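Fit chain B to the supplied structure of chain A, relying on the hints for placement.
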Amino acid sequence: MSTSASLRTRWNVSDIVVASTLAVASGVIFWGWNLSYHAVSTLFVAYPPTASVVAGMWLFPAVLGALIIRKPGAAIYCEMVAAAVSALLGSQWGLGVLLSGFLQGLGAELILLAFLYRRFTLDVAVLAGAAAGLAGGINENWIASYYQYDAVGTVVHIAGFALSGAVIAGALPWLATRGLAATGVLGPLKSRRAHLESALTGRTRTAGTPAA
Amino acid sequence: MAVTARGFTYQHADRTRPAVAGVDLEIAPGEKVLLAGPSGAGKSTLLHALAGVLHPDQSERPEEEAAAATSTGDLLLDGIPADQARGRAGLMQQDPESQVVLSRIGDDVAFACENLAVPPDEIPARVRQALSSVGLDHLPADHSTAALSGGQKQRLALAGILAMRPGLLLLDEPTANLDPAGTEQVRDAVIAAARSTGATLVVVEHRLSLWVDHVDTLVVLQPGGGVSCRVPAGALHTDQRLRGQLTEAGLWVPGADPLAGLPAWSGAGRAPCASEPQAQSGGKQLLTGSGLAVHRQSPRRSWRRGPAPQPVLSGVNISLSPATAVGITGPNGAGKSTVMLTLAGLLRPHAGTLRAGAALKGERGQHLPDSPADWRSEDLTSRIGTVFQEPEHQFVRSTVADELRLSAERARVPGSRRPLFSASEVDERVKRLLHRLRLEDAAEANPFTLSGGEKRRLSVGTALAAGPQVLMLDEPTFGQDAHTFAELIGLLREHIDDGGTVLAVTHDQDFLRGLEAERFDVARFADRPEGARSGADAAGNGPEGTRGGPDAVGNGPEVSWWGRSGRDTSWLGRRGPLAKLCALALITVALIATIDPVSAGVVAAASFALLPAAGIRLLTFLRRIWIFAVASLLAVWGAAVAAEESGRVLLDLGVTTVSTGSLELGLSLGARAFAIVLPSVLIFSTTDPTDLADSLAQQVRLPARFVLGALAAMRLLGLMAEHWTALGHARRARGLGNQFLTQSFGVLVQAIRMATRLAVTMESRGFGAGPRTWSRPASFTASDALVVAGGAVIAGAATALAVLAGTWNLVWLN
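Protein chains in written order, with the numbering used here: chain A, 1 to 212; chain B, 1 to 814.
Think of the hints as simulated: they come from the structure by calculation, not from any bench. Watch out, some of these pointers could steer you wrong.
So the derived label-pair ranges between C-beta atoms look like this [to be verified]: (1) B/Q129 to A/R205: 49 to 57 Å; (2) B/V630 to A/L200: 56 to 64 Å; (3) A/K190 to B/A351: 35 to 43 Å; (4) B/E428 to A/R205: 31 to 39 Å; (5) B/R574 to A/Y47: 31 to 39 Å; (6) B/N738 to A/Y47: 22 to 30 Å; (7) B/R574 to A/T42: 41 to 49 Å; (8) B/P771 to A/K190: 22 to 30 Å; (9) A/Y47 to B/T70: 58 to 66 Å; (10) B/A351 to A/S198: 52 to 60 Å; (11) A/R205 to B/S266: 31 to 39 Å; (12) A/R205 to B/P223: 27 to 35 Å.
Predicted model only: the values in this text are computed from it and were never measured. Note that the Cβ used here is the ideal one computed from N, Cα and C, for glycine as well.
Pulled out of the complex, with its shape left as it was, chain A reads as follows:
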């Protein structure tokens, strides 16, 4: 029962509550983003498909959750709870936001699965963010079809989404995880040493480094 595999993958109470709370805090950050960057969206009026280059903002809970919890399902769970929070606060997409949340989380999740939940490095984070963006782009153009752009518009929209995901929902969450680990708040979680890991190999720096 308590084999090393189940220890590695079973969520304990801290994992569940931290993941849920992160998702709820993300909802508050979404709201702060809306408020601070209302003007940003008007920049894209000239050619609306390019607006997706800031859409990575909606994807960051997926990769952040995955990097902090480091257990299967974290990306989907965090993104869906964050989506549920936006639905409760009133989302532009109504109930459809849950579908978006699921698909975007799934995009990130597949990348982490491909690395068997063993690598949480910068490159994996960037890939996962891009995959979440790609999934979001596919959903918004072909599944939920919120947009009906011509071929050029569709390509621009999806590429912008993936790029935005890679940066805002990939690299930034990776940096945030390191910053959080350095504050010591990740103590009960598997990611508590993230700030000591090398960016690309993921190996922990050897002892002698104070945990500050």
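Just chain B now, with coordinates in the frame of chain A:
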């Protein structure tokens, strides 16, 4: 219940030494123990271990062995290892917010019973009994937990623990965040509960006088070692050696003066500080407020929020002179912090004027506007420094030295971008402050990893580094030990001696005495009569002092329906959440399936027609949805510009064109985007999250641990929004202006801290292991079937009419 520790040692992961080591202790059944010791002696660790919420690592990778959490020795409750005695010990922690799990008081108390699989028909009696034994039985069971004061929240937590019928009560500084009245109520409730249940009691507290006359035994832990003494509690009054030892350790020993160790100081001879503005002395005053009306929420009107809120205090006249101290006092929730934030230039007054005198503006300050609220962040920070109740709100850098350096660098010469301090002056200030704050050894440490006392000193230091003449502090001594208290007094006395002014929101009489501060009681400015202030009175003691009533959410997201008391009594509000969700899903799928204006129109019309059933007034509804209408216009424009062109060209923009075809498509998309929001607003504003979670776990059979975890986290939404607002204030106070990224990071840190404490609370109440029962069975009734049928009819009608009109097109085939 008997407690036995034999050579118990626990080392947290990644630490070089154990938190507790070699503890040998016997506690008899029913014994009441006060557990004391200096900061870092491992008192909390021992309590957590007794509560069974510590989990030594079962290391999976050998290379991590050295850093793993380990436990050795025995810790037994009635002979059973503590981590296997689930539900036998109840734990209460310091922060009231993380002691509450669910959003209605009855549900919160029932939570532990459900986790321990108590039969559902037995639970209501247990809940009633527990609520009455902590004196909360006058409140209805569906009273909102968000509307409780800090003291009431702690008593609710006690009720949740008592409902488990535990043999051991563990309390970890249960009153550190409470005002004096709340503190005594909690203590009395705990003592009464321990007496009536015969449970063993272990309480950790550094204000010893609060408990010493109510317990049997005093146990003192020493850092890195075991128990240094175990004596009858009364010895604390008589044993001089013991008293000396505990005073040395920074504990609040009854009858000992916490100021005794400080050099003599007298503020006498300073100009009397005039709370009421004096007509002629305007020139000397630093800051003068006349007729101020204050509220957390900005007075700026907004379309969404409706009318401006009623101020919590009005007609406040106050003025600050150089080299004085003022203590803002008054009952909990009276608006003390709000007054302070307004005076600090962080909130705008709703009425009256706030004017900075020439003395505060300084020699180069002639360009500054009169009101600090209009100052640039950089000008504010070098004149008025603000120290927040939660020191972490102020931290933005990764080392202590950088944190101080940043403050010194941000100060600017008024009206220009030139720094106020030269590079060498900055270095000098940082060096001097590190010394004064006794943080030289921690200069390269991450601020978040400091001890509580060090964080408090650093938070004062970051404010002082920018060289402000006025220093404002919000409950600076909450939860601090006597050492930190005395150091803080010393720092503030120096500030006053240098001609500075201190204004503090505080309940602490020793603090007021230590600074010879003049009391400024705000109760007399209360706008609402005492009885009508239940919401504000209920305000707890979280990060910013006031919270609770829906209006306390202030600048946060609109979650006012969240904390409301009682249930939604509209027709839709009384229906089962699963049925509503099904109906909403049917309608949403019907809308997503096609891009046409007819189906969108049908759904929109149906939504408006259903407003009476949802008990939502038209104006309220319009206020909530107008922003989505704007978003739909953007959708129209997006398609018009960037969709496949067809038909006549209406507008040629050079690179792109708008044609009749693309405009028609855009209008359909816009109508659909607007229509998709309306039913979800209806459903979500009439659905209670707790009921929804019950449904999802019991009827849809989603994993209960995850559903309840998400539910407990959602309760924190309003709190998180308050953290967001406070973090914004702290950035402005530090001269950083608007900082979205560090503000987001700050919210994440607070979220994880809170989540970690909440996880401990939930686990100590039996959550997460084994089968559970449900005290609120979710059912599916005939009228729920009607709701689903209604959803199907709307979805069907939308589709059918669109097909008839010839506009229906399956989007996935396009």
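These are the hints, each one checked on the structure:
Checking the proposed 49 to 57 Å range against B/Q129 and A/R205 shows it holds: the Cβ atoms sit about 55 Å from each other. Checked against the hint of 56 to 64 Å, the C-beta distance between B/V630 and A/L200 comes to roughly 44 Å, which is inconsistent with it. In this structure the supplied range 35 to 43 Å is violated for A/K190 paired with B/A351, their Cβ-Cβ distance being about 53 Å. Here the CB-CB span from B/E428 to A/R205 is close to 34 Å, well matched to the stated 31 to 39 Å.
Look at B/R574 against A/Y47: about 48 Å separates their beta carbons, and that is not inside 31 to 39 Å. As the Cβ distance of B/N738 to A/Y47 is approximately 28 Å, the hint placing it in 22 to 30 Å holds. A hinted range of 41 to 49 Å holds for the C-beta pair B/R574 and A/T42, which are about 43 Å apart. Evaluation of the 22 to 30 Å hint for B/P771 and A/K190 yields a pass: the beta carbon distance comes to about 27 Å.
Separated by about 60 Å at the C-beta atoms, A/Y47 and B/T70 satisfy the suggested range of 58 to 66 Å. Checking the proposed 52 to 60 Å range against B/A351 and A/S198 shows it holds: the Cβ atoms sit about 58 Å from each other. For A/R205 and B/S266, the Cβ-Cβ distance of about 54 Å falls outside the hinted range of 31 to 39 Å, so the restraint is violated. At about 28 Å, the beta-carbon gap between A/R205 and B/P223 stays in the expected band of 27 to 35 Å.
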